[in-house]
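Colleague: Sequence:
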Amino acid sequence: MTKGSGKHKRDGGGRAGDGQDASFPPVVAVDVGTTKIACLVGELGPEGNLARVRSCATVPARGMHKGVVVDQEDAAGSIRAAVEKAAEGARARLEEATVGVAGSHILSMNRRVAIDNPNEDRRITTAERRALLEKLKDVQVSPDFQLIHAIPRDYVLDGQDGVKRPVGMWANRVEMTGHLVFGAVNSIQNLVASVEAAGLVLDDIVLEPLASSRACLDEQEMKSGTLLVDIGGGTTDVAMFADSRLVHSAVLPVGGNHITRDISVGLKVPLAVAEKIKIDYGHAQSHLVEDIEMIHTEAVPANAGGDRQLSFSRKFLARIIEARVTEIFRLVTRQAMDSGYLSSIATGIVVTGGTSQLEGMAGLARLVTKMPARQGVPRGPSSAVDIPSNPVYATAVGLLLYGSERMFARGPIRTDEPSTSTEGFLNEVLAKVKGWFKPSKPSGRL
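First residue of the sequence shown: 2, per our numbering; consecutive thereafter.
Be a bit skeptical, because a hint or two may be false.
[What the hints assert, rightly or not] Lysine-lysine pairs mimicking DSS-like chemistry, simulated, CA-CA at most 27 Å apart:
(1) Lys165 - Lys224
(2) Lys224 - Lys269
(3) Lys165 - Lys136
(4) Lys269 - Lys138
(5) Lys37 - Lys277
[Unchecked claim] FRET-style restraints, in silico, Cβ to Cβ:
(6) Gly267 - Gly49: 43 to 53 Å
(7) Glu89 - Trp171: 35 to 45 Å
(8) Asp339 - Val168: 25 to 35 Å
(9) Ser344 - Gln221: 16 to 26 Å
(10) Thr126 - Gly90: 46 to 56 Å
(11) Gly267 - Leu368: 16 to 26 Å
Everything labelled a hint here was simulated from the structure, so no lab data went into it.
Ideal placement from N, C-alpha and C gives every residue a C-beta, glycine not left out.
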């Protein structure tokens, strides 16, 4: 694996599989999580769809805390290990990647902007739409924060709301509502530096709950109103959709690691043992566990040379887990209430991420939030093969889908021409990020 120049090569960087357009290089997604680094390599089909996942690799994460890089050297080493493992599996050279971003530093807000239509005939053109988008992005929450996503939601024409495609319509006054996502410049810079130190060229950064939503929700769920909850190791990512538009997003600083620590304290065992107990015997609903069910296991890791045995009630373990997971779902409910869109969530909650694999998670989500709930597993286009169906890969699959769409949109040979697209899912991304840290080489793309 070598660091690329940023130009796509027509040889595709490796062997093309059946159905792959050989003029495109492999699509690479990197999910830099608190507990694990996942790297997926995909093939782009001739019609621009994700045709196949060629390789899937995960390694334990080092140098990360609650979704943020705290040791750049360790983080870069973990990313490099995952990328090299994925490259070996795909038998390809990996150069560019779409990378997810999360962490408690993420901020989001909804905003409405307006302009008076300058055209004499009052017909709206793409120029007015671009002007509204630029006005939507023209906000700074703090000098230490940078805009990551500016996602138009809908338009209001002379007071008439609910307009999705205003170009070609007539109005005197045109308004745009949209969702803005910001991240701390220093936190993002540390992530970018770690990715580049691992030998990759950063293609794009995508907010992780948006990527997870892309992989786990279908069009009907987004239209009807759905709350996506991705519970990872260090954070819980939230994305709310209504009428096929993102209306709220958040990253909560609590996740599966907190459950592990609770078990460690409650059972007085090391974290490694607590994690294994959580995975092997965990349940999120204590009332579904029999009172007489007992667990007998080792109280210290096998490789530590200890032989102390531990016995405990599985119901006691479930009560520990239930308390923390209940807190998570209450925080999620508070986010939904504060957003003002709770009444728009008709489909309910989709819970994904590694922690969602705990038995009883969807049921507890229903009890706490009073909404329908299901577990979300990643899925790609119906024509795609080898999509990993484990919720652990929800974010990585979403990043791969998003990277595939962007790669096809710009063509087999990358150019520095600015994108003019402002419609569709995830149409505004942090393509300027490379310009922050390499001022002499601006990306030239929105």
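Colleague: Do Asp339 and Val168 keep their Cβ atoms within the hinted range of 25 to 35 Å?
Modeller: Distance hint for Asp339, Val168 holds at roughly 33 Å.
Colleague: In this structure, is the beta-carbon distance linking Gly267 and Gly49 contained in 43 to 53 Å?
Modeller: holds (51 Å)
Colleague: Next pair to validate is Lys165 with Lys136; report whether the Cα-Cα distance is within 27 Å.
Modeller: Holds. Lys165 to Lys136 sits at ~18 Å (cutoff 27 Å).
Colleague: Go ahead and decide if the range 16 to 26 Å is satisfied by the Cβ distance of Gly267 to Leu368.
Modeller: holds (22 Å)
Colleague: Are Lys224 and Lys269 close enough, with their CA atoms no more than 27 Å apart?
Modeller: Not satisfied, since the Cα-Cα distance of roughly 47 Å exceeds 27 Å.
Colleague: Is the hinted pair Lys37 and Lys277 satisfied, with a Cα-Cα distance of at most 27 Å?
Modeller: At roughly 15 Å apart (the allowed maximum being 27 Å), Lys277 and Lys37 satisfy the hint.
Colleague: Starting from the range 46 to 56 Å, see whether the pair Thr126 and Gly90 falls in it by beta-carbon distance.
Modeller: Once the Cβ atoms are compared, 48 Å apart, the range 46 to 56 Å for Gly90 and Thr126 holds.
Colleague: Against the 27 Å threshold, does the CA-CA distance of Lys269 and Lys138 hold or violate the hint?
Modeller: Violated, at about 50 Å.
Colleague: For Glu89 and Trp171, compare the CB-CB distance with the range 35 to 45 Å and indicate the outcome.
Modeller: violated (58 Å)
Colleague: Falls inside 16 to 26 Å, the C-beta gap from Ser344 to Gln221?
Modeller: Distance hint for Ser344, Gln221 holds at roughly 18 Å.
Colleague: Starting from Lys165, check that the Cα of Lys224 is at most 27 Å away, please.
Modeller: With a Cα-Cα distance of about 13 Å, the restraint between Lys165 and Lys224 holds, given a limit of 27 Å.
Hints 2, 4, 7, counting from the list given before, are not met by this structure.
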